[in-house]
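Protein chains: 2
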Amino acid sequence: MLIGNTMLIGKCLAKIDTPFLLVDKAKFDTNVAFLRAKLAPHNVILRPHLKTVKSIAGAKHVLDGFDSPATVSTVKEAEAFADAGYTNFIYAVGITPQKLPRIQALLNKGINISILLDSVAQAQAVTAFCQAQNIKIPTLLEIDCDGHRGGIQPDDTRLVAIGKILHQGGAELRGVLTHAGESYDCINKAALVAAAEGERHAAVIAATQLIASGLPCPVVSVGSTPTAHFAENLDGVTEVRAGVYTFFDLVMAGIGVCKPSDIALSVVTSVIGHNEEKDWLFIDAGWMSLSQDRGTQSQRQDCGYGLVCDSEGNIIPGLQVIGANQEHGIIAAVNGQIDSGKLADIAVGTQLRILPNHACATAAMHAGYYVADPAQVELDYWARIQGW
Amino acid sequence: MLIGNTMLIGKCLAKIDTPFLLVDKAKFDTNVAFLRAKLAPHNVILRPHLKTVKSIAGAKHVLDGFDSPATVSTVKEAEAFADAGYTNFIYAVGITPQKLPRIQALLNKGINISILLDSVAQAQAVTAFCQAQNIKIPTLLEIDCDGHRGGIQPDDTRLVAIGKILHQGGAELRGVLTHAGESYDCINKAALVAAAEGERHAAVIAATQLIASGLPCPVVSVGSTPTAHFAENLDGVTEVRAGVYTFFDLVMAGIGVCKPSDIALSVVTSVIGHNEEKDWLFIDAGWMSLSQDRGTQSQRQDCGYGLVCDSEGNIIPGLQVIGANQEHGIIAAVNGQIDSGKLADIAVGTQLRILPNHACATAAMHAGYYVADPAQVELDYWARIQGW
Chain X
118 MLIGNTMLIG KCLAKIDTPF LLVDKAKFDT NVAFLRAKLA PHNVILRPHL KTVKSIAGAK
178 HVLDGFDSPA TVSTVKEAEA FADAGYTNFI YAVGITPQKL PRIQALLNKG INISILLDSV
238 AQAQAVTAFC QAQNIKIPTL LEIDCDGHRG GIQPDDTRLV AIGKILHQGG AELRGVLTHA
298 GESYDCINKA ALVAAAEGER HAAVIAATQL IASGLPCPVV SVGSTPTAHF AENLDGVTEV
358 RAGVYTFFDL VMAGIGVCKP SDIALSVVTS VIGHNEEKDW LFIDAGWMSL SQDRGTQSQR
418 QDCGYGLVCD SEGNIIPGLQ VIGANQEHGI IAAVNGQIDS GKLADIAVGT QLRILPNHAC
478 ATAAMHAGYY VADPAQVELD YWARIQGW
Chain H
118 MLIGNTMLIG KCLAKIDTPF LLVDKAKFDT NVAFLRAKLA PHNVILRPHL KTVKSIAGAK
178 HVLDGFDSPA TVSTVKEAEA FADAGYTNFI YAVGITPQKL PRIQALLNKG INISILLDSV
238 AQAQAVTAFC QAQNIKIPTL LEIDCDGHRG GIQPDDTRLV AIGKILHQGG AELRGVLTHA
298 GESYDCINKA ALVAAAEGER HAAVIAATQL IASGLPCPVV SVGSTPTAHF AENLDGVTEV
358 RAGVYTFFDL VMAGIGVCKP SDIALSVVTS VIGHNEEKDW LFIDAGWMSL SQDRGTQSQR
418 QDCGYGLVCD SEGNIIPGLQ VIGANQEHGI IAAVNGQIDS GKLADIAVGT QLRILPNHAC
478 ATAAMHAGYY VADPAQVELD YWARIQGW
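One line per chain: the protein sequences are X and H, in this order.
For the first sequence, the residue numbers in our numbering are 118 to 505.
For the second sequence, the residue numbers in our numbering are 118 to 505.
Calculated directly from the structure, the hints in this document are not laboratory data.
Hints should not be assumed to be uniformly reliable.
Since the list gives no way to pick out one identical chain from another, each pair is judged satisfied if it fits inside one copy or across any two copies.
Straight line, CA to CA, 16 Å or less: simulated EDC-like cross-link-like pairs of lysine to aspartate or glutamate [as the list claims (entries may be wrong)]: (1) K376 - D184; (2) K395 - D263; (3) K226 - E196; (4) K253 - E356; (5) K306 - D456; (6) K193 - D134; (7) K226 - D184; (8) K376 - E356; (9) K144 - D200; (10) K459 - E394; (11) K144 - E314.
Take the sequences, apply the hints, and build the full model.
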């Protein structure tokens with residue numbers, strides 16, 4: 118028998134039509150508490166990135182009250198969380214002038230929201246808007262700590278030039294922000310520790326440059342889930358951002374930030390057929406519910422489109438989702454751990470769970486989460502915020 | 118100048134916050150009419166696959182009236198289209214027993230819906246349900262025409278065995294269905310014509326086998342967008358299914374089913390920054406709005422995460438979205454067509470459009486479409502059906 122009898126959670130799941138997104142609330146709570154405890158000895162604020170959970174009902178279990186700092190990836194998230202009572206955001210994507218009226222509307226409601234930029238042109242557009250509207254928009258300068266994407270090099274003289282445009286032009290220069298995006302490609306603990314130190318160092322050098330020029334820099338913000346978990350020294354940093362740590366996923370497990378058994382998110386699916394010649398099992402979870410994320414493809418263990426669990430969440434070793442069409446997933450045995458023909462024993466209608474490569478991407482395919490909380494008999498539901 | 122002045126549509130688009138999904142209604146109508154005209158000389162029904170458009174407002178422009186045959190990829194689609202007045206569906210994904218009560222509810226409302234299966238176990242589950250509920254569920258047998266995914270080989274003796282279980286057990290054996298999924302990998306016209314003929318041949322052989330055994334087979338259903346466009350002979354086929362032909366996409370252009378200029382779907386995005394050292398342009402369309410589909414990766418021209426157009430929809434040669442994070446896209450020059458440093462001329466705030474690799478996948482990332490119809494001044498909006 119590849120899979121055992123379904124027990125309590127399995128019985129609950131059977132009531133809902135597959136595919137659907139499931140949160141293991143006990144694991145979720147453990148993950149949230151772990152990072153909070155990890156950062157507690159450091160003199161930093163945790164500013165969770167809500168782009169992963171993207172849910173008002175879910176954020177309640179991540180944020181420590183309505184005035185908790187939070188990070189958002191869209192203006193829509195800021196608006197939705199503000200409507201729900203939260204008050205403290207960084208919109209951590211480079212600003213375009215067209216979005217400033219919505220930022221202004223949030224500030225006018227008393228929401229503490231900072232924007233992000235990294236160019237003279239953006240700074241000029243922001244200060245022109247601030248002057249025209251008689252408003253001071255809190256603004257962070259994006260620093261490039263690892264060549265991953267955007268941002269200014271921490272020792273680039275443009276940093277001070279942009280800071281001065283903002284500070285003297287009527288915006289509020291609030292500080293610097295960096296994101297060690299390359300940390301997702303680290304292959305061992307030493308590399309993760311080094312990425313965290315590189316992130317801290319870049320942010321602190323940038324802040325030092327601003328302060329030396331007589332500019333304010335109250336916020337020194339760093340973060341990514343890998344660096345947040347492996348930072349040994351956070352001197353000079355005021356806050357740490359992380360998002361995917363709440364659910365974790367196979368990419369994070371692949372670089373050693375968590376174990377596969379820590380992953381709190383899965384897609385519940387039903388077996389819809391077999392291809393006996395190819396020893397394939399078909400499920401009703403295709404890319405429409407799993408996402409097309411192949412983040413483990415470049416890792417030591419390529420997990421295909423996800424690893425396979427029974428309905429209780431126990432990983433079935435040697436199985437993978439090897440292919441995904443819109444509403445069809447294909448499961449096959451890999452690495453020779455399962456005898457040929459054994460998949461035929463898993464009957465049509467059997468419920469399985471698929472662990473995601475990338476929790477943010479898989480969650481994005483769904484309108485909400487079903488939440489299995491050991492403290493409750495029925496599943497809870499957390500709606501997700503959609504759109505921009 | 119890489120991009121010209123924005124004109125009528127560009128001015129309309131500027132009112133909506135990016136990123137968002139845009140339909141060029143004139144191209145959409147042309148694509149819909151083209152396939153209808155292509156199939157007109159053949160004695161077949163066109164049964165559009167609504168998994169691509171997934172919109173009640175959009176389907177009105179694809180289907181020829183409320184009784185038009187249609188294909189769906191989820192029970193939710195069938196329910197939503199039925200609520201809107203449509204009455205004729207095939208649910209073209211292998212059935213699980215858990216979904217039968219929802220099929221029954223649709224049949225009880227007078228909806229003509231067929232299900233699909235390819236195993237003895239499924240047929241037994243369906244007939245047991247039909248007997249218990251005193252209902253005849255129209256059922257199609259899935260035929261494997263090209264080894265792409267599931268289905269029974271057209272000459273497999275199990276075909277008749279499964280047909281008999283259904284026909285004698287109280288279900289309605291309605292016919293056979295096949296899908297030439299491998300046609301997406303065809304590299305020239307001859308291969309596309311051959312794929313279409315292979316699809317037809319498999320379906321007709323299967324139908325012949327059923328009829329020779331005294332079983333009914335009124336429906337012989339084939340289809341995929343590539344084979345629908347390249348079928349030369351449809352003798353013995355009763356209906357053709359296709360979905361992505363409504364929008365088309367870069368994968369279809371890559372195999373010669375359409376031209377890039379026929380693509381009716383794009384994601385409108387704004388420039389949010391530059392990396393001058395790397396000659397990168399950042400846009401506010403990441404995988405959250407573009408999808409992670411990399412369907413052109415294995416084609417002759419890999420289009421990255423999409424090709425780049427100005428706000429009027431004119432392709433800017435030599436540009437590609439080379440990377441996509443959650444809310445960041447990275448545009449770079451490829452193939453040496455654009456001089457180094459030229460991207461810096463495209464200012465923050467400029468609106469661009471990104472053509473998708475795979476229209477179904479890109480559309481799936483959005484709650485709806487903005488529709489630019491040359492006959493209307495304002496953009497229309499088509500909401501999408503979400504969930505399962």
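Evaluation of the provided hints:
Proximity of K376 and D184 under a CA criterion of 16 Å is satisfied in neither setting, with 32 Å inside one chain copy and 52 Å between copies. Within a single copy, K395 and D263 get their C-alpha atoms only as close as 44 Å, which misses the 16 Å cut-off; across copies the closest is 13 Å, which meets it. In the homo-oligomer, the alpha carbons of K226 and E196 lie at most 16 Å apart inside one protomer (10 Å), although the nearest pairing across protomers, at 41 Å, exceeds that limit. Taking the closest pair of Cα atoms, K253 and E356 never come within 16 Å of each other, the shortest separation being 22 Å inside a single copy and 63 Å across copies.
In this assembly of identical chains, the alpha carbons of K306 and D456 never lie at most 16 Å apart, being 35 Å within a copy and 41 Å across copies at closest. Taking the shortest alpha-carbon separations for K193 and D134, only the inter-copy value of 10 Å comes in at or below 16 Å, while the best intra-copy value is 29 Å. In this assembly of identical chains, the alpha carbons of K226 and D184 lie at most 16 Å apart only when taken from the same copy (14 Å versus 51 Å across copies). In the homo-oligomer, the alpha carbons of K376 and E356 never lie at most 16 Å apart, since the shortest distance is 26 Å inside one protomer and 50 Å across protomers.
Taking CA atoms no more than 16 Å apart as the test, K144 paired with D200 passes in neither setting, with 28 Å inside one copy and 39 Å between copies. For a Cα distance limit of 16 Å, the shortest separation of K459 from E394 inside one copy, 12 Å, qualifies, whereas the shortest one across copies, 54 Å, does not. With identical chains, the CA atoms of K144 and E314 are never at most 16 Å apart, being 28 Å at best within one copy and 52 Å at best between copies.
Hints 1, 4, 5, 8, 9, 11 from the earlier list are contradicted by this structure; the remaining hints agree with it.
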